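**Q** Residues per chain are reported as follows:
6 protein chains.
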Amino acid sequence: MKKLVHGVHRFHSEVFASQRDLFLRLGGGQSPQALFVTCSDSRIDPNLLTQTQPGELFILRNAGNIVPAWGTHGAEAATIEFAIAGLGIEHIVVCGHSHCGAMKALITPGSVDRMPAMREWLTHAAATGQVVDECYADRDPEERLNVAIQENVLAQLTNLRTHPAVAARLATGKLHLHAWVYKITSGEVFAYDQDAGQFRVLGGEAPAMDQPRRSLDGALLADARDGGSR
Amino acid sequence: MKKLVHGVHRFHSEVFASQRDLFLRLGGGQSPQALFVTCSDSRIDPNLLTQTQPGELFILRNAGNIVPAWGTHGAEAATIEFAIAGLGIEHIVVCGHSHCGAMKALITPGSVDRMPAMREWLTHAAATGQVVDECYADRDPEERLNVAIQENVLAQLTNLRTHPAVAARLATGKLHLHAWVYKITSGEVFAYDQDAGQFRVLGGEAPAMDQPRRSLDGALLADARDGGSR
Amino acid sequence: MKKLVHGVHRFHSEVFASQRDLFLRLGGGQSPQALFVTCSDSRIDPNLLTQTQPGELFILRNAGNIVPAWGTHGAEAATIEFAIAGLGIEHIVVCGHSHCGAMKALITPGSVDRMPAMREWLTHAAATGQVVDECYADRDPEERLNVAIQENVLAQLTNLRTHPAVAARLATGKLHLHAWVYKITSGEVFAYDQDAGQFRVLGGEAPAMDQPRRSLDGALLADARDGGSR
Amino acid sequence: MKKLVHGVHRFHSEVFASQRDLFLRLGGGQSPQALFVTCSDSRIDPNLLTQTQPGELFILRNAGNIVPAWGTHGAEAATIEFAIAGLGIEHIVVCGHSHCGAMKALITPGSVDRMPAMREWLTHAAATGQVVDECYADRDPEERLNVAIQENVLAQLTNLRTHPAVAARLATGKLHLHAWVYKITSGEVFAYDQDAGQFRVLGGEAPAMDQPRRSLDGALLADARDGGSR
Amino acid sequence: MKKLVHGVHRFHSEVFASQRDLFLRLGGGQSPQALFVTCSDSRIDPNLLTQTQPGELFILRNAGNIVPAWGTHGAEAATIEFAIAGLGIEHIVVCGHSHCGAMKALITPGSVDRMPAMREWLTHAAATGQVVDECYADRDPEERLNVAIQENVLAQLTNLRTHPAVAARLATGKLHLHAWVYKITSGEVFAYDQDAGQFRVLGGEAPAMDQPRRSLDGALLADARDGGSR
Amino acid sequence: MKKLVHGVHRFHSEVFASQRDLFLRLGGGQSPQALFVTCSDSRIDPNLLTQTQPGELFILRNAGNIVPAWGTHGAEAATIEFAIAGLGIEHIVVCGHSHCGAMKALITPGSVDRMPAMREWLTHAAATGQVVDECYADRDPEERLNVAIQENVLAQLTNLRTHPAVAARLATGKLHLHAWVYKITSGEVFAYDQDAGQFRVLGGEAPAMDQPRRSLDGALLADARDGGSR
Ligand SMILES: [Zn+2]
Ligand SMILES: [Zn+2]
Ligand SMILES: [Zn+2]
Ligand SMILES: [Zn+2]
Ligand SMILES: [Zn+2]
Ligand SMILES: [Zn+2]
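Protein chains in written order, with numbering that gives the first Met the number 0: chain A, 0 to 229; chain B, 0 to 229; chain C, 0 to 229; chain D, 0 to 229; chain E, 0 to 229; chain F, 0 to 229.
To be clear, the hints were calculated from the coordinates, so they are not data collected in a lab. Model, not experiment: these values are computed from the prediction. Backbone N, C-alpha and C fix where the C-beta goes; we use that ideal spot for every residue, glycine too. Just so you know, not all the hints are guaranteed correct.
Just a few of them, taken from the derived set where beta-carbon distance is under 8 Å, the chain E residues facing chain D [unchecked claim]:
no., residue
1, Val4
2, Gly6
3, Thr49
4, Leu56
5, Asp112
6, Met114
7, Glu119
8, Arg138
9, Pro140
10, Leu156
11, Gln193
Based on the provided sequences and hints, a complete structural model is requested.
**A** And the structure:
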């Protein structure tokens, strides 16, 4: 803890002092451009990774960068709702990472037998686990972990789509979802490319997981419509 | 109830008698080809609508043809899991319908104030409600109901995708999802055509809501891989 | 699915065409006489079994024809509430069936170890399981399954009585409960006869599980009443 | 608190001293004859009311003597299960009481608006509330409270029957349920007489709410049985 | 049950008759001084133990004298809320006891395998179990049970502090918490002495588990405050 | 998003390149010294604030830096359990902050009426709300917000203590809790000083919220002990 306390002092005397204007302005409110969902893992620093300053990323972190689907009343639903309805955020990045302990626990039978809360929590990544079991059973353990990390980011995006605020903004085209994986030992970020069906090194533009927008026909079911005319 | 009792007797003396072989064979087990999810509404008879016989459709019915996303322990998760893992079902149809009382309740503020269980249940269709609010606010009430019915079928498919058994079979390409709406007063079924972004009268083939399959690169995050080379 | 699509076309061109009046009338609303709760099993067609037409049966179906007791927020509570408060339904039939896979799973230890949602769902039939364990331990497996099917219908009626809308209407005598079991291979329906303590082939009248109505004495606890005089 | 502390000292020097044998014997274990469920209300002393000694009554108390139906994981399910499976208890008394604050809160709209936990808890007595609303709407407020107290005891017995341990022991005839109401200002206990459909001053014997026992026919659904012969 | 029925009659003819004034007065309302939380164990009679009369103790009893932390909607939250907000209670005693079957179950692996509701319920005492595991692993079984009983009372007080009504009244100094353990075979009550870090025979005064009160500085974070002046 | 993508590229080419050794070492595992719980607010960068590097802080972030008490199955319980049992973390810092939108929502009636998930989530800060209501009712709105922020950090520490892993490690003295508030516009961190009952600018050492450790007397309740001798 001593290190942390000294760090806080150094932050105050050096960082804050040199960026006082930024921090005073932030006192007036935040308007971050993205909600960044990532793992609690200590090796990830979202602001460092994206080279962003305070005020730019709204951040949700938990073990495994998991977003339970709608219906479970927890931090994730509330934080997402607040980000969208309260802050008008237009991008959500779910960012998994290499060497993830939570994903390792997920695919290692018995590993959380003595961690009941973790076992319960990982039920929200059960889709990840079952996809790995059914699609990648023949891979070696390291590969299985690596595909679990990738599949989990996609599974959590699927969960994300069930949240009303997300569904509504996706429908209006005002929200964009991004699936990322950060590789700690190479400093790379891979983004899922929907067309390729693969994660690829993040290039010049971030591919969004958008789906074609629709505007349904309200007259389709109207009784006036002549059912026989088709 | 008298009518029902007489009906049962007539079933026994007429229908069973003439199809005894079918029913004896069904005693040996069921192998339905599809899970048909629809509303409890009395005006829908799934077997009549699809002209199927006993043994052909595994059927889940509740008010509003709602499938809560994974994480809520209820009938839907269990019935879906049993249909896939226990019976090997390869198609799931979620079939909404015109004139749906549950959807009307969903988009009519205050309508379920004295039905607390219904109000709670409709939270699993909150995405439908919010999409209607944000995308179709300018439509007249009848149109709003009609788009709610359609959007809800799509929202429930989104919920469905969060179930581990569904996710795993979708990933292997062994499961296909279908979004249908049945119009009671015209006898038509409309199916969602993903490419068109519209529901269309069910034609010669049932369009499935399949997404491109992927096989992720297990080596992507491997430490051996040279992170700098790409 | 091809078969289903063709069936829908045949329904439209044959059934709907010949019963257009019925379906147009149903567009005006439903007023079913009964809520029919049964299993998702594909071998059951409630309308065929009771020889009823669209508009006559409000139908709730899930794996095991289970109705969780009040307190669990799910489809069943909502659908029952809507049936009673919204549609004024006066009869509820819970109809189990022979050869039920859910009941077999319930009494077969280990059978749902890889179906976590099913295992969770079956806790709402735990009373059935424990009654079978304590009362029918000496029966052979087939008999145990057959009594489980029957006991489960009665256990679910017990659960049903805990729902406020059910309790209130039972108290006013405006709702009647029926416990049925359908035998697939004989086309028979057995109804529970409360006086006999047995299921019996459904006869001329459907025996209801009504209990004597009461009108309690509001003065009983009044302070004015002389406590010593009785 | 001073009074309590002095009371404890008096208990030790007077009561314990004079009944040392009883208490030493109780150190060896308890074998109570009944589970007594009653309200937390300070005016009720179950041992005083039944003139029982330590070791004779297993006691569950909460606001409103409420027993949530099976499916809600709480103290009640556990305590009942322990009483039956762990202690072999053969009688359960649910004892409501006159002047009950919880019942008053239940039937007084708005009274728990600032007590969210109480409001939530009272959903397990919603059946009581709805029965009072639908059957006793014309009674004056005091009578409504008094019938609510009585109806609630019966509603909680209905909830009790959904617990697996209760259902199984009722089925074997080894458990008996009793519905009591204690009138504070007269010192009377009223017990529900099922045949009369009324609460009556507890007479020479405690009427139990037992239902006829059944032993179902395991052959009823057997395929070997000739379905046509009956 | 005969004994109970006779007891009720004796209560009415002897106790009530001789204390009619007290009971008539209690008809006007209750104003208990303390909420007494204890185990359902039949060997505990809180009024006998504290030598209190009807009207003096508001009593919550369940298996293990457990108070789930805030967030679990159950009897405990409601009863506590009612005691504080409804009755203005100023003292809460959590009273464990020697020879507790629930605590024995908690620390005996496998003992509740066939009591699923009990197993679930004991998760609210998991802190007790883990403290015993990590701090008293070297003690013999009897000692482990005895420290579990003591640690559990303290763990439940920790849970109690999370309840909003408790937190608010502790903050205003209007509520006091007490940790007691009752030894059945000696008639003693031990109270936790916070300074000593030990349970001690209850002496002349009941030590409360109060914490220093605070009144936080509302200006601390105010923007007007000169951040540099410290 | 463009800014983020460019940031990632800059991170890779500049930061990673210059600290390759650190990141390669981190590939071997993490051993953070503290779990840092803070708000999702974009204006907080925990690593910047404490001047720590990747690998030093395990971080849990959600709207309002809330830690539901034990019993709610969510990210927080799992992440804490993993931090302690999986990573052996010895310090937990709960760090609130000035200008917190979640706290503002908590104390502003009606502000989350259209954010149902947020409203539900804030029930885990209800203790904060009720303490502010009862203790600081006379303060002006800004002061109320500022004390809410401080009280909430303390309320969440109270919640934290109910987690089994936390309770056990606190009991063994191997875990230390810290209550911090970060003031954005001054760059200061205030830490709660338990003795002073106040938050104070973080000085040379971080005051921990430790409580005196205890080692309870396992013989206290033993039957062999002579109950009368004390
Ligand atoms: Zn991770
Ligand atoms: Zn409908
Ligand atoms: Zn079945
Ligand atoms: Zn009461
Ligand atoms: Zn006990
Ligand atoms: Zn904040």
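**Q** Which constraints among the numbered hints does this structure fail? Numbers only, ascending.
**A** 5, 8, 9, 10, 11
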